[in-house]
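Chains as they are written, first to last, in our numbering: chain A, 1 to 642; chain B, 1 to 150; chain C, 1 to 206.
It should be emphasised that the hints constitute simulated quantities derived from the structure, not laboratory data.
Wrong hints could be hidden among the right ones.
[What the hints assert, rightly or not] Heads up, simulated BS3-like pairs for lysine-lysine below, C-alpha to C-alpha not over 30 Å straight-line:
id	chain 1	residue 1	chain 2	residue 2
1	B	K45	A	K294
2	B	K12	A	K294
3	B	K68	C	K195
4	B	K147	A	K557
5	A	K549	C	K120
6	A	K64	B	K147
7	A	K91	B	K45
8	C	K120	A	K547
9	A	K440	C	K164
10	B	K12	A	K272
11	B	K136	A	K617
12	B	K12	A	K578
13	A	K294	B	K132
14	A	K549	B	K100
15	C	K109	A	K501
16	B	K45	A	K557
17	A	K145	B	K147
18	A	K501	C	K195
19	C	K164	B	K36
20	A	K497	B	K141
21	B	K141	A	K410
22	B	K136	A	K618
23	A	K149	B	K136
24	C	K82	A	K324
25	C	K195	A	K499
26	C	K195	B	K36
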Amino acid sequence: MPRINSTDELEKVRQEILSQRDPNKPCISICAGAGCLASGASEVIAAFKAEIEKQGLKTDVNTKGTGCPGFCERGPVVVIYPEEICYLQVKPEDVPEIVSQTIKEKKVVDRLLYLDPSTGEKATHESDIPFYKNQERNIIGNNIKLDPKSVDDYLALGGYSALAKVLSRMTSEQVLEEVKKSNLRGRGGGGFPTGRKWEESRNAPDEIKYVIVNADEGDPGAFMDRALLEGNPHSILEGLTIGAYAIGSHEGYIYVRQEYPLAVENVTIAIKQAEEYGFLGRNILGSGFDFTIKVHQGAGAFVCGESSALMTALEGRAGEPRPKYIHTAIKGVWDRPSVLNNVETWANVPLIINKGADWFAQFGTERSKGTKIFSLVGKITNTGLVEVPMGMTLRDIIYKIGGGIPGGKKFKAVQTGGPSGGCIPEELLDLEVGFDELTKAGSMMGSGGMIIMDEDTCMVDVARYFLDFLTDESCGKCVPCREGIRQMLKILTHFTKGKGKEGDIELLEELAEVASDASLCALGRSAPNPVLSTLRYFRDEYEAHIKEKRCPALSCKELISYHIDPDKCQACMICLRKCPSEAIGGGKNQIHVIEQEKCTKCGTCFEVCPPRFGAVKKISGEPVPSPIPEEARIIVRESKQK
Amino acid sequence: MDNGRIDQIIDKHQGEASSLIQVLLEIQSENHWLPKEALERVSEKLQVPLTRIQHIATFYKAFSLVPKGRHEIHICMGTACHVRGAPRVLDTVQDLTGLKPGESDLDLKFSLQTVNCLGCCALGPVLEVDGKTHGKMAPSKTAEVLKNCD
Amino acid sequence: MSEILLQIDGREVEAKEGMTILEAAQNVGIVIPTLCHHEKLEPYGACRICTVEAEIRGWTKLVAACLYPVEQNLVVRTRSEKIDKTRKMILELLLAHAPDAWDLQDLAKEYGADKDRFEKEASFCIHCGLCVRYCAEVKKKNAVGFVDRGTRREISFIPEIASKECWNCKECFPLCPTSALQAAYVLVEALAFPKSSFESELDLKG
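Same shape as in the complex, but just chain A (with noise of 0.2 Å):
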């Protein structure tokens, strides 16, 4: 592929691709994200090929495997076009059915499609399924259409217009204003205004200036930066190219952690054809820009997220924090201005310069303004990415995109922002969502990881979860920090122990005071927001482990034990063979008891025990009821003929 030199040969180039492209030729596109991947796309995609082969198909259908579009749960997920009809949870075996029947006869094949569960009605397009129908898939919508790893399915979808635009009609003072006009604040934690960062970098006098990429995802529960990476990698390099010319940068760096394999595959690969094509290297079709990237993978460190320790790392440093009191846009990495925007940012930015700032301005709210793609797990019905225009309600979102609660439980609370957020519970779930909204409410808009909790959910044991991530996850540089998130761990520790006592609660909030003040970055200075939340709201939990030594939502093991019912026990004996420490005596007509000196409240009783007798029992904060006598044990079954 001989190298592109203006703009104008790229339209060209655009149309050859779309002049050989029919728009009605069957298109079998299947997930290949980390997600379904690990639910065996690559398995439905080979057997595809094969049978597309094996029919004798091959030159009027295609197949390819594509980006993430984001509905995990219900993987690997295939859509046919034109007719976008969305086939889920589609394993090699259905192969076949659906090559004869949906390609070959046009005809739909009904158990494969979507089933709306409170409904019960089945939804053939994806358009139609809830889960998509109420988003507003602007960035993530193109995933499904493209391969990430061709650079020419990314041009025949209108791929890199916004950089021939910016870098043929407009100066760089016009794409900062551009950029400053839409309002666009940082998609990776911080809020912070775009526009007014890459200013400040524009204007800070240095020849040398780094543009990067922060896709050191760390915030458990998030991946929507995975997905964009993997998924639509050229969308990436575009809007960095963008703002390395905005703001005057020849060299620009993506920090990938090293536990998204594919992501660096496909970034690198997508570099590669960016160079080939010319929309890297010098003189930028023809502009006189000249612009390289290089990818820097993480190792293992989820402080490496924050922008001074990713900068640090760059430099081939452990990733230790530095403080900000001089902005890193100012003074970055290896002290000249670096402007730092997360995956989600940069993707906003070609969308922003192809459809206008005040296009972009029109989605969200007064001060949070576009989408924002969340990522919505945990106890929720329909798992995956969400894409909504920021001021939808979190009610929305978990009930009419994430379909609410599975298994008939009680929704408790949703968890956002990752370590440095809180959890918010039923009584705000009206809460338009923005930036300053849920910053307000206790926690924050962090990556946009959104962790959906139940009744059975300690949130004492959330508390000390995340401070457990971050023992081990801070520098330890700090006093505050290494210190101060080590006392707080062991007193929620104890807690879940019951070993928490009268004035635990006022010294872990003294603790949470010189974390948040004195610390000497972010992770630290937000360490304790999990814990103010949790107290904030749940203070009734504390409470109760710390007066009555009982967890309400019957989670902490030092503070349950299992029990079998006598009246419900039907003496199937699953649970006695199941049982890894052989706790449980009994027999065949004899109703089982658990020893509780041997029981491990390993909970594998409570599991398989058969949802129709519902015998084994959680109990917490009262002593366990003896085991009735043995001579009552035994079950006098009614003989079968009456």
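Starting from the structure of chain A, add chains B and C where the hints point.
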């Protein structure tokens, strides 16, 4: 790993000190651990103090200063997996292998490590063995997955 | 370098651009406590005991005096209820590691820090980093460094370098506010120093 191979990796990154972490990642990936001699060679060639390399090798979880087992087991302890029962999966794996996170068994068959989020949150709890991801894990299913490792 | 006028504890203080609040204060005899600071080393900002209130354009924030650059019209307060509370807690957290450390006793008294507030921790090291930084920046030998992260972070000597350099140097020993450094040195000497040729010969001879 011989010095020749290490030198090759360093040269690939133009011998720049800032590529230190990338160099170590490659050595770790090929060799499955970072022997002391390798660190000393890197220190010499890149002209960086051994203390900085030691800090990096212990700061970042991707690196191991001891040999690892043939089968690396990673259990995701991210929030979404945690809420869906990952601690119980961890307990079961610990019981089955006799290992605690960070340990490898004496015949170097298994290495167990907890990871803070693999990015497959919709499929939690997630278990990764030899790079292959297994979603929707339950304590009862883990035995099956591990049995298939020789 | 331009002149900057700021206020510290109600006093007008002259400073030069590029100075930190700590430097400006020390120049006029205002005392701000420090633990990880040393005149021969780059400021570190790890102990946070030099935390002060800095007010500019109506906003007050808590900053580390050893690192925060002076600004025109900055108003600094080195003592307040909030600052004292913060310093007291930092001291109590450190005293859990090194309850008898000489350098902590006077400060503990001044701020009313209780050495028994928290359960004693196993390691005396308070992570001031003076040893590591001195060996790197002044002696340029890099015999001792940090390892690991979070609550597991510790100092560690490199046996091959320490066995050659430390005996004749030991300049970092008096810098250590606790006795952690000396303990770490002795341990690595006993367990990990490479054998001298004399010792190896002794081994061979049985």
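How the hints compare with the structure:
{"no.": "1", "hint": "B:K45 / A:K294", "in the structure": "holds, 22 Å"}
{"no.": "2", "hint": "B:K12 / A:K294", "in the structure": "holds, 14 Å"}
{"no.": "3", "hint": "B:K68 / C:K195", "in the structure": "holds, 28 Å"}
{"no.": "4", "hint": "B:K147 / A:K557", "in the structure": "holds, 28 Å"}
{"no.": "5", "hint": "A:K549 / C:K120", "in the structure": "holds, 26 Å"}
{"no.": "6", "hint": "A:K64 / B:K147", "in the structure": "violated, 34 Å"}
{"no.": "7", "hint": "A:K91 / B:K45", "in the structure": "violated, 51 Å"}
{"no.": "8", "hint": "C:K120 / A:K547", "in the structure": "holds, 26 Å"}
{"no.": "9", "hint": "A:K440 / C:K164", "in the structure": "violated, 58 Å"}
{"no.": "10", "hint": "B:K12 / A:K272", "in the structure": "holds, 17 Å"}
{"no.": "11", "hint": "B:K136 / A:K617", "in the structure": "holds, 24 Å"}
{"no.": "12", "hint": "B:K12 / A:K578", "in the structure": "violated, 54 Å"}
{"no.": "13", "hint": "A:K294 / B:K132", "in the structure": "holds, 27 Å"}
{"no.": "14", "hint": "A:K549 / B:K100", "in the structure": "holds, 28 Å"}
{"no.": "15", "hint": "C:K109 / A:K501", "in the structure": "holds, 28 Å"}
{"no.": "16", "hint": "B:K45 / A:K557", "in the structure": "violated, 52 Å"}
{"no.": "17", "hint": "A:K145 / B:K147", "in the structure": "violated, 39 Å"}
{"no.": "18", "hint": "A:K501 / C:K195", "in the structure": "violated, 53 Å"}
{"no.": "19", "hint": "C:K164 / B:K36", "in the structure": "holds, 18 Å"}
{"no.": "20", "hint": "A:K497 / B:K141", "in the structure": "holds, 28 Å"}
{"no.": "21", "hint": "B:K141 / A:K410", "in the structure": "holds, 27 Å"}
{"no.": "22", "hint": "B:K136 / A:K618", "in the structure": "holds, 24 Å"}
{"no.": "23", "hint": "A:K149 / B:K136", "in the structure": "holds, 28 Å"}
{"no.": "24", "hint": "C:K82 / A:K324", "in the structure": "holds, 22 Å"}
{"no.": "25", "hint": "C:K195 / A:K499", "in the structure": "violated, 49 Å"}
{"no.": "26", "hint": "C:K195 / B:K36", "in the structure": "holds, 17 Å"}
Comparing the model with each numbered hint stated earlier shows that hints 6, 7, 9, 12, 16, 17, 18 and 25 do not hold.
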